[in-house]
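> Chain residues, written in single-letter form:
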Amino acid sequence: MGAAHQAYLLEARQMQALSFAVHIPLVCFGIAFPAMVLFCEWLYLRSGDQLYRTLARRWTRIMAALFAVGVITGTILSFEMGLLWPNFTATFGSVFGLGFAIEGFSFFMEAIFIGIYIYGWNRLSPRAHFWSGIPIVIAGMTGSLMVIAVNAWMNHPGGFRMAGHKAVDIHPLKALFANGFLWPELTHMYIAGYIVTGFLVAGAYAIGRLRGKWGRYERTALAIPLTIAALASPVQVLVGDWAARDVAVQQPVKLAAFEGLAHTTKGASEHILGWYEDEKVKYGIGIPKLLSFLAFHNPEATVQGLDTVPKDRQPPINVVRFAFQAMVGIGTLLALLGAWLLAVRVRRRRLPESKWFYRAVAIAGPASLVALIAGWVTTEVGRQPWVVYHVMLTSEAVTGAGGIVVGYTALALVYLGVACGVVWILRRLARAPLGGEPSSPPSTAAAG
Amino acid sequence: MHLYEVPLIFVLVGLVLYAVLAGADFGAGFWQLLAGPGERGAPIRDHAHEAMAPVWEANHVWLIFVLTVTWTAYPSAFGAIASTLCVPLFIAALGIVMRGAAYALRAGTSSVREQDRVDLVFALSSVTTPFALGTVIGAIASRTVPVGNAAGGLLSSWTGATPLIVGVLAVANSAYIAAVFLAADAKRTGRPRELQEALRARALVAGAVAGLVAVAGLIVLHADAHFLYTRLFEGSALAAVIVSALAGLATLALVFARLYEFARYSAGLAVAAVIAGWALAQRPALLKGLTVQQAAAPHDTLVLVIVAVLGGGLILFPSLALLFRLVLRGRLDYGEDADGAPALAVSDGSGLTRLLAVSSSGLLARVAGACLLIGFGTLTVAEAGWAHAIGVVALLGFMCVGFLAIVPAQMAELERE
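Heads up: the protein sequence lines correspond to chains C and H, in order. Numbering follows this note's numbering, with no gaps: position 326 of the first sequence is 326. Numbering follows this note's numbering, with no gaps: position 175 of the second sequence is 1175.
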């Protein structure tokens, strides 16, 4: 690869990052929201209470709008596989492509049944309608399994060997599914989907409560997603720890970048906050031996440092470290918030009443999005400069076509327009009553 | 036929289905554009939107199918095509984004002015997208895509006469198919006769135009891509060309006779035959200097792709049939219905009651707590892989059981308040 490729490598990476950051929150809604909508519908089927039906229908409209935007932003990602990284796809398409081919069928099932579900309210029998939603939930699982299988393979490649610049001896199933990296990463992302969706949806109603909208409808609409997020966020701390221990073994340089560990160290300490400079973390709070303990369950364990690879094979330390700390910090706070809800529930059998709790829930939605994107920055930037870890450099994968900056600008502008449109329609849908049905009960009617 | 050609057949079938189904969707946008803004064009614009809204996402997935099977089974060809033809592909991608966004946003519009704006974005991108994708096909057919990373001209590769005429053909053909489909839908759903007749007239005109563009295309091929021209008039490719021409004429006749349902299928056949003819004429080359055999992935990958597609098809086609049957039977027709909820035979709620009883005894909460402890022990403390598997299951169990312990009881409390 020549210098020309390098010139727009950064632009290509940023364009990919933009496309990804726009798509991944929608993936969370694709994973978790159908299950929440279906739960409401199930309550309606069980109780006949119109309130649950109204809630499920309102959420269906939001689900429909977000799914449509998810479809198109996901399409951009699949185009970019060829538009930005043609050498990656040309070299390894036969190794990892199967995952996407299967994912395509998941996507098909999702699109077909979401079409049936959205347009089937009142046109299918209630029971048939409920069942038409189940494939959407399953397709959300299989779809994330396949996509994460490919990403896990990029981090921990196997199922082939290189002969010159060609991949040979290819075993796609082994590459995709016999990969230890897959399971922590998949679990981590799948649970993240429930946390992000749960806190974002609950956050909208928490803001409503702070403004005095607090009828039975609002309480129900807050309690369901919030309980899910509250249960999922402590679990995520444990799953994240599991994933990090895997990284420590399989991608030691990435872990060293998380922690800003310049030299291989026995009994390494953990640094919270601070800034990496001159081969050490400055202004951070150091906790002796904690890193060794967390990574290897042994306070005296040796942790590999950044100096085990040359400088041009290290990821950008501060970006990765800052993203990692943001994810862990926010994740921990979310887990505490979840624990607060669970504790009040178990001891008092009600929702918390403190205003500060609802303020925290309102912030938790956007904060969980930040943690989600920070997590993906951690793993994707942390893998740099490799696109396929220790096999292909990102600079070898990038397109030879110039003018990426034009495409990047165009995409950024279009996405800005789409983002404005999404905000606009969500506000519209939040206000619009459901045609032919009583809108949500007025908030003042219900007693406190 | 060889193993290495089988995935290509899947790709071509996907391409036919995309050209027909998503083509109808693009064409609907074209007719929205021609219908113009405001009240006058509203009947056609609304009908076009309502006919496509439940199915556009499923139709769109055929493109993803084509992309993923291509990059898995013929990765080097995919890399060459995507890098050299990045400009038209990117134009198509942006068009797809804007169309999808318009679908999402139209649901929230409340005034005619807002709707006009959304419809305009939708309609313009409905023309640029098939045109751009058509130039991609034209470029591949006229051999302007060399092997390698962006080895061809970024502009010259797709701005030759052949790519451009194929782009125009894609737009004309989409408009034609859409008019036929919309006329059929209008008749089926009992739309006003004027609308049916207006769509019939559009179908007849568009059919004639598409036919003329196809003939013009042959003249262009003769001058610009003579090798393809000569191969088109030999052997099995010639048969496909003849089938396509006959099916196109038959569609016109069926539309003329107002037999729109049959016209749907003959229009689809015409498109399928064109694509088949192109593939047969180009065989065995995929790109300039690259045969299908050379581009194909190794044996194991090909076998797995074939298994995956056939297996996926077993689930996909019944599901698609369900969707289209519901749409065509009119049971999914768009529009808010006047009455509220349908009569619901409320179950006695025994499952729920039992759940509430178990939950109030605190058993579920204790089970959830136990799951959390087991999860912590096996996932966080233990080191073995099998223990981690148990840990993940236990933690997911904590989430599910915890949810059941809390939410149904909470709902019951809220109902009582």
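Be a bit skeptical, because a hint or two may be false.
Unchecked claim - Per the computed footprint, the stretches of chain C lying under chain H, defined by three or more beta-carbons under 8 Å from a beta-carbon of chain H, are:
hint, stretch
1, 106–115
2, 281–288
As the list claims (entries may be wrong) - Derived lysine to aspartate or glutamate pairs resembling EDC-like cross-links, with alpha carbons at most 20 Å apart:
hint, chain 1, residue 1, chain 2, residue 2
3, C, K174, H, D1300
4, C, K311, C, E300
5, C, K289, C, E300
6, C, K166, H, D1300
7, C, K213, H, E1415
8, C, K266, C, E300
9, H, K1187, H, D1046
10, C, K266, C, E218
11, H, K1288, H, E1005
12, C, K311, C, D278
13, C, K213, H, E1417
14, C, K311, C, E279
15, C, K289, C, D241
16, C, K213, H, E1413
17, C, K282, C, D307
Just so you know, these hints were derived from the structure itself, not from any lab. Each residue gets a CB set at the ideal place from its N, CA and C atoms; glycine is no exception.
> Quick one, are K166 of chain C and D1300 of chain H close enough, alpha carbons at most 20 Å?
It holds: about 16 Å lies between the C-alpha atoms, which stays within 20 Å.
> Please count how many residues of the stretch 281–288 of chain C have a CB within 8 Å of a CB from chain H and say whether that reaches 3.
That given contact is violated, which follows from only 0 residues of the stretch 281–288 of chain C lying within Cβ reach (below 8 Å) of chain H.
> Take a quick look at whether K213 of chain C and E1417 of chain H sit within 20 Å of each other, Cα to Cα.
Given that 20 Å is the threshold and the Cα spacing comes to 16 Å, the pair holds.
> Please work out if K1288 of chain H and E1005 of chain H have their alpha carbons no farther apart than 20 Å.
holds (17 Å)
> Can you confirm whether the C-alpha distance between K174 of chain C and D1300 of chain H stays at or below 20 Å?
Cα-Cα ~11 Å, so holds.
> Between K213 of chain C and E1413 of chain H, does the CA-CA distance stay at or below 20 Å?
Status holds; Cα separation ~19 Å.
> Is the hinted pair K311 of chain C and E300 of chain C satisfied, with a Cα-Cα distance of at most 20 Å?
Cα-Cα ~27 Å, so violated.
> So if I understand the rule, the pair passes when the alpha-carbon distance is 20 Å or less; does K311 of chain C with D278 of chain C pass?
holds (13 Å)
> Given the proposed pairing of K311 of chain C with E279 of chain C, does the C-alpha separation stay at or below 20 Å?
Measuring from Cα to Cα gives roughly 11 Å; hence the hint holds.
> Given the hinted pair K289 of chain C and D241 of chain C, is their Cα-Cα distance within 20 Å?
holds (16 Å)
> Hint check: K289 of chain C vs E300 of chain C, CA-CA at most 20 Å. Holds or violated?
holds (7 Å)
> Within 20 Å, alpha carbon to alpha carbon, are K266 of chain C and E300 of chain C?
Holds. K266 of chain C to E300 of chain C sits at ~6 Å (cutoff 20 Å).
When the structure is compared with the earlier hints, violations turn up for hints 2, 4, 10 and for no others.
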